[in-house]
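**Student:** So the chains spell out like this:
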Amino acid sequence: MANRYFDEIWGNSRGRKPRPGFESIARWIRETPRRELRRRQDSAETAFRQLGITFNVYGDEDEAERIIPFDIIPRVFTADEWSKLSDGLEQRVTALNMFLEDVYGDRKILNDGIVPADLILCNPGFTPLVNGHRPPHGIYAHICGIDMVRTGPDEFLVLEDNARTPSGVSYMLENREAMLRLCPELFETFEVEPVDGYPDALGEMMQAVAPEGASGDPCCVLLTPGHFNSAFYEHSFLADNIGIELVEAADLVVDDDIVWMRTIEGRKRVDVIYRRIDDDFLDPLVFRPDSMLGVPGLMAAYFAGNVTLINAPGGGIADDKAIYSYMPEIVKYYSGQDAKLPNVETWRCREADALKYTLDNLAELVVKKVDGSGGYGMLVGPTSTTEEIEEFRAALKANPDGYIAQPTLALSTVPTLTEKGIKGRHVDFRPFCLSDGKGVTTIPGGLTRVALREGSLVVNSSQGGGTKDSLVLRPESEQPEAKD
Amino acid sequence: MRLHVDHRTDYVFSEPQRRLVQLLRVTPVNFAAQHVIDWHIDVDCDARLRNHRDGFGNHVTMLYIDGPISNVALRVSGEVLTDDRSGMIEDASERLPAQAFLRSTGLSKADDAIRTFAKEIAKAKTDPLEQMHLLMARLLERIQFEPTLDAVERDAATAFEASQGVCQDHAHIFCAAARAMGIPARYVSGHLFRRDGAEQQEASHAWAEACLPSIGWVGFDPANGISPDDAYVRVAIGLDYRDAAPVAGRRVGGGEESLAVDVRVTQAQSQSQN
Amino acid sequence: MLARTASYLYWIGRYMERAEFTARLIEATLRLDALSARPAGEAAWASALSVAAAREDFEKTGESITPTNVANFLTFSKDNPNSIYNCLYTARMNARAVRTALTREGWESINRAWLAIDGRSSVGSAQGTINLLEALIAESRGFEGALHRMLRQESHYFLMLGESIERADNTARLIDVKYHIILPEGEEVGGMVDRDQWGTILQTVSANTAFRWLYRDGLSPRRVVEMLILRRELPRSIAATVDEVASLLSELGKLTGYQGEADRLARLRQQRINATGIREIITGGLHQYLQAFIEENRLLSQAITRQFRFD
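Residue numbers (this note's numbering), protein chains in the order written: chain Z, 1 to 484; chain C, 1 to 274; chain X, 1 to 311.
Isolated chain Z, as found in the complex:
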C-alpha cells in the first residue's frame, strides 16, 4: 500500500526520479550528509526550547511544557502550485465571510434552502446574541487557517476551516528563521517567497478593519488569556512583532460603551482587539458568567460599533464539520463559481443514509465530531482496534448529529529525517489567510504538520506530530535546472 502514496518530491517514482521542478531540492536532500542534517535539526530544536516555543498537551498534566518536533527537510510548493492554491483560498475565505454575514443577517442561504436551516439555527456554534449585528466592514473571519491535504499532483483538498482563533502561525515564522540560519544554501539555490511579512500584514489588516469612527491611527491590541495559556508564546511573539500591546482582561475597561486600556499615564482608547480568547469567555455579562478571562461590557462596546473584534464573535459556526460539508454549495452560492478547492467527501451522520453507510464501513472511515478539533474525538478506522471501533459505534448511534465520516485519505508524503534515515511521512498544511474587507491576503507559506510515526495519518502535535518549513518558490525559480 505504501507505494500508492503520492510523494511531493518524488511523485510516484518511489525515490527514483524527482517531479519536474523538484530536481534541485531532491539533489539537496541526496547530497547533504545525514549527520549534518541531524546536527542542524538538533540545533533548531535546542533553539526552540530556549525560546520557550512550547505547548501544553491536554490531559497530560505532568508533562506541562513540550516543544513540537521540527523536521529539517522542508516541504516545497512551486509557484504554479501556490498560485492555484492561493486563488482557491481567496475564493473560499471570501465565501466564508459572506456566509457568516448572511447567517447573522438576512439568512438568504437558509431561505433559499442551500443549507438546512436547523443545521445553522440549532447549532451550538450559532450565537443568537450577535444576530443582526454587522461587524465593522462586514468581516467575521479576519484570520482563517484552512487545513488542507494533498493526495496527488493536482489534488489539494480542504479538510477543515478554522475561523475561530487559528493558531500555529508562530511556527511558520520560527521554522523559517531556523531554516534561514541553518540551511542558508537552500535560499541561495532557490528564490523563496518570504513569510516574515506576516506580522506587518496582520498589523495592517488590524488597522484597516478599525471601526469607521476610529482615529486615523487606531489603537490595536492582542488580548491573551494570560501566561498560563498553552499558546502564550505565540501571543507574546505576535504582539511583539506587530508592535502592539499584549493585554490581559484586567488591562481593559469598558466605560460608556468604549474600550479603554489601562496605562501608567491613564486610560487609552482601544479600537481593535485581536482576541485569543474563545467567545464563551469574552464577556461575563453575556457569555459565561464565571469567566475570569473576559472583559465585562466588551460586547456592548462591540454592539455600539466602537471596537472591532478579531475574529468576530459567532464566526465559530463555520468550523462545524457538518457545515463544512456544505462548503462547495456555499462557495458556489456566493461566488457564482464552482469551488476551486474541493472538500473531502463527507457523510453527514445526521442523514439516515449516511449514518447507515458510516456504521457499515466504520473500519475503513475516519469519523469526526462535528465540533471537535486537535485530533480529539476522532476515529481512524483502519488503524483502530475492534474495541475502539465498537466504542465509537455506540457513540455514533447515541448522537448521529454530532458526527461526520470521511474516507481514509491517501495523504501525500514528504521526505522526512527519521531514525531510519530519510523516509516519506504523511503531511497536511495550514495556510493563513487575512481578510480586511477589501481582499484576502494569503502569506506564501504556512504550517506543514508531519505525522512522524511510520504510516501514521494523524499530524496533530498532541498525537506525536511535528512541523516542517513550507517553502513557496518564486516564479523565476521555476526552471532551476536552466540556471545551473
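Simulated from the structure, these hints should not be mistaken for lab results. Positions of the beta carbon are idealized from the N, C-alpha and C atoms, including for glycine. Hints may contain errors.
[Stated by the list, open to error] Among the chain Z residues that face chain C by a calculated CB cut under 7 Å, a handful are:
1) A117
2) L121
3) C122
4) G125
5) P128
6) V130
7) N131
8) D256
9) D257
10) L285
11) A300
12) F303
13) G377
14) M378
Since the structure of chain Z is provided, determine the placement of chains C and X on it from the hints.
**Tutor:** Relative to chain Z, chains C and X alone:
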C-alpha cells in the same frame, strides 16, 4: 389595563467600589398586547447609560458607574397599556426564526427524567397547543412553588428532580420539555400584576413562550398555570435565564454585596378598575 | 506602557532584590553561627527571621529555631511568602507575563536563578547551603548586570524603582533588628563592638570592604550606622536608595510628562535625609528613626502604586 411598574434595586457594598458595570434588560418592548407609555431608569449617583438592542431584540441598557461608591439605588419605573390576547405574541419584531429556539442550553437542558416527562405529554395529546397546556398544567402540579429558594443559576434537571423551585425554574423546565417535543420554546422575564392585591414583590417574574404551528408564539406561565393576560408586562426573551435576566453586573472593589429588590406593579390611577 | 506591565516590572525588581537580600542574610548568619569561633546560636537565627519579616510566619509552623529549620524556612518554604523560593517563583511568573518588556538577557537571568532553586527542597550541610546561596547571589548579580545594560526606558526604570524601594526597606530592617541585639538597653553607644556580629551586617549589605575604605580608623556602632544610613557612597545605604528612588521617579516623569504624589514624597524624603546627621538620629532614637523610615517607604510604595495605576 394600564399598569404602573416600580422596580427598585438597592445595592450596599461592604467596601467602597472602584467601578461598576451593569447590563440591564429592564425596558419592555411594544407588541400587539403591550404598549409602553413611558419608561425611566434612574440611578442615584453619577452614571453613564447606553442603550442597544441585542440579537434577540431585547432592549439593553448598559450602566457605568465610577467609584468610590458604597451604595447604589436603581429605580426602573413606567407605565404600560396591556391587552388580554390569551398569551399570543403578535406584531412583535421577531429577529430570529423560531427554529433558533429549539436548541438547548446549560440551564434549559432536558435530562432523561424531563425527556420521559415530555414523552408522556406527547402521548397524551396530539395537538401541539393542547400539549403545551398540558405541560403547563403538569408543571404547576408537579413543581412546588418555593419562594424561599435562592434564585441562583439552577438548571432545569436539578429543579425538576427537586420538584420545587421559583418561576425561573418552571420556565426552564417548560423550555426543556417543549424543545424535547420538538416545539421551539423560550424564556421570558417580566412583571406580573397580582390580582390578589399583593402589590409588593421581591423579584420580577419569569415564564415561557412556545411557538406553535399556524398560531405562532404563545405565552405560558407554568408557575401560575395560565397563559399571560393583561396582568403581564413582558420585558426580555432568550434561550434561558442568562439571555433574559434583568441584571448582570460586575464590580471592581472587593468586599460583599447585599441587595434588596422591591417590585411594585399597580394599576395606574387614571384607569378605572375592571 | 500598560499599568500592569509597569506593576509586574516593579515587583520583579522588588522580588529579585528581596531574594538576593535574603540569600545574603542567610549566608552571613550561617557564617556567623557555624563558621565563627563563638556560635551565635538561636539569637542569631531569631534575628534573621525578624530581619526577613518572617518571624510570625515561622512561629505558625510550630518548629523550633534551629539553623537548619530557619535556613530552610527562609530559603525554600512555600508557607513563607518571602522565602527565596517564593520570591523567585513570583519574579519568574511576572517576567514570563511581561517578557517582551524585558531583554532576553534579563529574562534568562531570572529564569536561571529560578532553575537553580526549583526542584531542591531542603538545605544540606552548611557548606552545601552556602554554595547554593552563592550560586543564587551570582545569578542575582547577573540580573543586576542585565538591568544595567537595558535601554533607559520605562521598563528599566520600573525594575530599578522596585529594586531601590525594596533595598531601602531591607537595609532599614537589618539595622533596626541588629542594633538592638548588639546594644542591649542602657549600654552606651560607642562601647565595645562585637566584630563578628557587625561583620554579619556588613556582609549582608556587601559592605565589608567598603567600610574599611570609608572608615580607616576602626569599627564602631556609630560609624557602621552612619555608613549604612547616610553614606551615599555605599549603594545599599538608605541615603543612596533615597537618592536613587527620587532620580528614577524624575526620569519616569520626563518620559510620561507628569509627576505626582510619589515624586513629592520622594523629594521630601531626600531633603530630609540630606539635612540629617548621625548625632541627631542617635539622640532621637535610632529605632524610632528607622521605624519612621520603614513606614515612609511603605507609603511611598503605595503612592507609586497609585500614581502609575498599578491596580
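**Student:** For each hint given before, does the structure comply? Return the numbers of the non-compliant ones in rising order.
**Tutor:** 4, 13 and 14
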